[in-house]
Amino acid sequence: MDNLGFIVAGYTLTWVTLVWYAWRTNRRLDAASRALDEWTQTSAGAGRPAGDPGA
Amino acid sequence: MIVTNKSGKANLIGIAALATLLIGSFVGLFVVSPDRLQGDVQRLMYVHVPAAWLAFLSFFVVFLMSVLYLIQRDLKWDRVAHASAEIGVVFTVLTLALGSMWGKPTWGVWWTWDPRLTTTAIMLAIYVGYLAIRSFADDPDKRARWAAIVGIIGFANVPIVYLSVIWWRTLHQPPSSPRSVSPEILWTLLFNLLAFTLVYTYLMMRRIRLAKVEGELEQRVAYNG
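As you go down the protein sequences, you meet chains A and B in turn. The numbering of the first sequence is this note's numbering, which starts it at 7 and goes up by one. The numbering of the second sequence is this note's numbering, which starts it at 237 and goes up by one.
Keep in mind that the hints were calculated from the coordinates and are not lab data. Errors might be hidden in some of the hints.
[Said to hold, decoys possible] Computed spacing ranges between beta-carbons, pair by pair:
(1) G275/B / D43/A: 53 to 61 Å
(2) A41/A / D374/B: 54 to 62 Å
(3) V303/B / R30/A: 25 to 33 Å
(4) D43/A / L306/B: 29 to 37 Å
(5) V345/B / D8/A: 14 to 22 Å
C-beta: ideal position from N, C-alpha, C; glycine also.
Just chain A, same shape as in the assembly:
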């Protein structure tokens, strides 16, 4: 296979980029979901309305 280095680099970059972005998004989602759960529990404990802020 000619230009093997460019081909391998291109496919590796594609995979690494897409997997990294998916991993990063899932990590951010987990962290945000956890923060929301904690906020809901803390708010309920402090007697604040835990549900819809407009309620």
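Here the structure of chain A is known, so what remains is to put chain B in place on it, guided by the hints.
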């Protein structure tokens, strides 16, 4: 808890995306014959072209959702636009990097100020700007309004990127058609396009969910202090 049926659906699409991407990469690398003129390096087309198409699709979704937001003033459209812009930026960076890796062995240079490359770089700058402008406003409605305006005006560059190889004399090849490529190249390209579309769908589902959770958190902090 946020994890629901939607998470299960996203995971299924994620698995399908991973499987099709694996098969598409394998076929693109080892099964399909090399190009008659360019040789093996043309195999980069099976990742470069789908990445570019998905960047276009992402920014079309940003445009559409921005219009919907301005009409209905519903933040759910802004969340979709935001998610699609971020994913579009990832695909655009990938397109430029892969194009550069293909350009070096075929053109002899990593980068040239060719109309296709230049307009693509401008497209990247516009959507990085779209993401940056969102951090300037604390109020979600104001932020969504500013972003929607950039999302609509910025989209004007997307057809220019596509048509640049037709309008101007460029080093970049013009768009291929099913009549100008062999069926095996065409089907491999279409399969990889399907894989990238599934990847986009999966990423969108997760990224929209993230925007929704972050929005709820922001709203609660703002109301409850």
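A quick look at each hint next to the structure:
Checked against the given bound of 53 to 61 Å, the beta carbons of G275/B and D43/A, roughly 55 Å apart, stay inside it. Take A41/A and D374/B: their Cβ atoms lie about 18 Å apart, and the range 54 to 62 Å is violated. Take V303/B and R30/A: their Cβ atoms lie about 29 Å apart, and the range 25 to 33 Å holds. For the pair D43/A and L306/B, the beta carbons lie near 34 Å from each other, so the given range of 29 to 37 Å is met.
At about 18 Å, the CB distance of V345/B to D8/A agrees with the hint of 14 to 22 Å.
The structure fails to meet hint 2 from the earlier list, while all remaining hints are met.
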